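Same order as they appear, the protein sequences are chains W and A. Note that this note's numbering has the first sequence beginning at 40, numbered continuously upward. Note that this note's numbering has the second sequence beginning at 40, numbered continuously upward.
These aren't lab readings, by the way, just hints derived from the structure by calculation. One or more hints might be untrue.
[Stated by the list, open to error] Derived SDA-like pairs: lysine to any residue, alpha-carbon spacing no greater than 25 Å straight-line:
# : chain 1 : residue 1 : chain 2 : residue 2
1 : W       : Lys106    : W       : Glu157
2 : W       : Lys60     : W       : Thr88
3 : W       : Lys106    : A       : Arg250
4 : W       : Lys287    : A       : Asp159
None of the values given here were measured: they were computed from a predicted structure.
So you can see what is in the structure, the chains are spelled out below.
There are 2 protein chains.
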Amino acid sequence: MKIALIGAGNLATNLGKAVKKAGHEVLEVFSRTEESASTLASTLGCPFTTDLQMLTSDADIYIISVKDSVLEPVAMDAVKGREGKLFVHTAGSMPLTSIPNERRGVFYPMQTFSKQKEVDFSIIPCFVEAAMEEDRDLLVQLGKSISNTVCELSTDDRKYLHLSAVFCCNFVNHCYALSEKILKEHGGVPFDVMLPLVEETFNKVKTHSPRTVQTGPAVRWDENVIRKQEALLAKDETMQAIYKLLSKSIHDDQL
Amino acid sequence: MKIALIGAGNLATNLGKAVKKAGHEVLEVFSRTEESASTLASTLGCPFTTDLQMLTSDADIYIISVKDSVLEPVAMDAVKGREGKLFVHTAGSMPLTSIPNERRGVFYPMQTFSKQKEVDFSIIPCFVEAAMEEDRDLLVQLGKSISNTVCELSTDDRKYLHLSAVFCCNFVNHCYALSEKILKEHGGVPFDVMLPLVEETFNKVKTHSPRTVQTGPAVRWDENVIRKQEALLAKDETMQAIYKLLSKSIHDDQL
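Looking at chain W on its own, in the form it has when it is part of the complex (with noise of 0.2 Å):
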């Protein structure tokens, strides 16, 4: 398939690497910010722009990958003129009708993007939705080139899958951060030391569902030890008042 990016994130990159390499043609990468645009370019080996009405119109799908609060005034952009063609985004939260076109679609590949690390496509699970079941059919195309996993969904069902996603990533890496801040402050563990046990966490949730193999003192509800724990945290209101609300989440769920 030819493909245009518009956009030029962490998500874009990523994604305008995977389709590459799965055969597809990348057309042309759009940015407002000339420097992104060129470097995401370069590394496809494609022509960019950032004149979103200079922008080829050959693409047969056009991926706009922007933040949130600017994809709909993007997307209105992208289609002006363009009315043929399917245009898809990419974010999780963001309904199906952001895009004001009739062939218009979802592709949502659930990971955590950096720039400072590559990820294996193949492995990500992809959501694809579209207001027409040929696009639809073209999204699934596209998808199982990359991944090995392409599921439809819905606008609605999607936003919770997003909202559980930000659980178990941006939540969690949360505690790993406020996990590291703690021995730093105190003793000067190097935060690797954790590294096993945050494994083995892991390691468990690949068989087991979470909440029946919680472990540590909000599970067994021993009072001595979280009112000792939330005493260490006195200094730090937020750290504190995590402490006690997770510890009586914990708690509660197992009830």
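Let chain W serve as the given structure and place chain A on it in line with the hints.
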């Protein structure tokens, strides 16, 4: 070394297997519950008792691995008449002084132990502390025979280490549990689909400080998505409070 195990829970079971595998001799197992005592004793091929006064007096090290709330009374009973021996406990948050004996120590293997899953002890960091130098050397020696990572750590620093472990293990696991709960209630995507995301989140912190690789709506402070996701949790007050608090904390940590 000749070892006696006081307690037959998850930690005692895993530790008992590890010391036996390393060539130490487990002389006897004590547990108040006959079933637990006999199960562990038969696993280790040693006798058991449910009467602490009847426990062997021939061990070099008595390892007390019981609930924090009963540690002090159990330790007091165990020491009685065996004052010349070394007694250690395995609790992250309990002080060295929980054991009323001159020869006392702590042997804290930092891992999440479940009955459901056996662990490889060699990758578990063990933190030791002792009142007397010779006993500390003995515990370091015991540690090195079963684990690649043995560190000395004071009672005070160990308290913070344990708190840090609650964040990167128990709280992380609870975020997994909440993620699964959201999926179960909406759309029915199985939690397995989240595993590549969960794994990548873990993989990133093997080589990067967690704070520096945060992604998602909170770190971008994408208020539009944040408000919409809060609204999706309107029916669950606790989950909504967790969402708000963690999102704010992620954002504040970047300032």
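Hints and how they fare:
1. In summary, the hint linking Lys106 (chain W) to Glu157 (chain W) is supported, as the alpha carbons are separated by about 20 Å, within the 25 Å threshold.
2. Restraint check: the Cα-Cα separation between Lys60 (chain W) and Thr88 (chain W) comes to about 22 Å, which is no more than 25 Å; the hinted pair holds.
3. The straight-line distance between the Cα atoms of Lys106 (chain W) and Arg250 (chain A) is roughly 21 Å, inside the 25 Å bound, and the hint therefore holds.
4. Of the pairs offered as hints, the one joining Lys287 (chain W) and Asp159 (chain A) is violated, with about 31 Å between alpha carbons and a cut-off of 25 Å exceeded.
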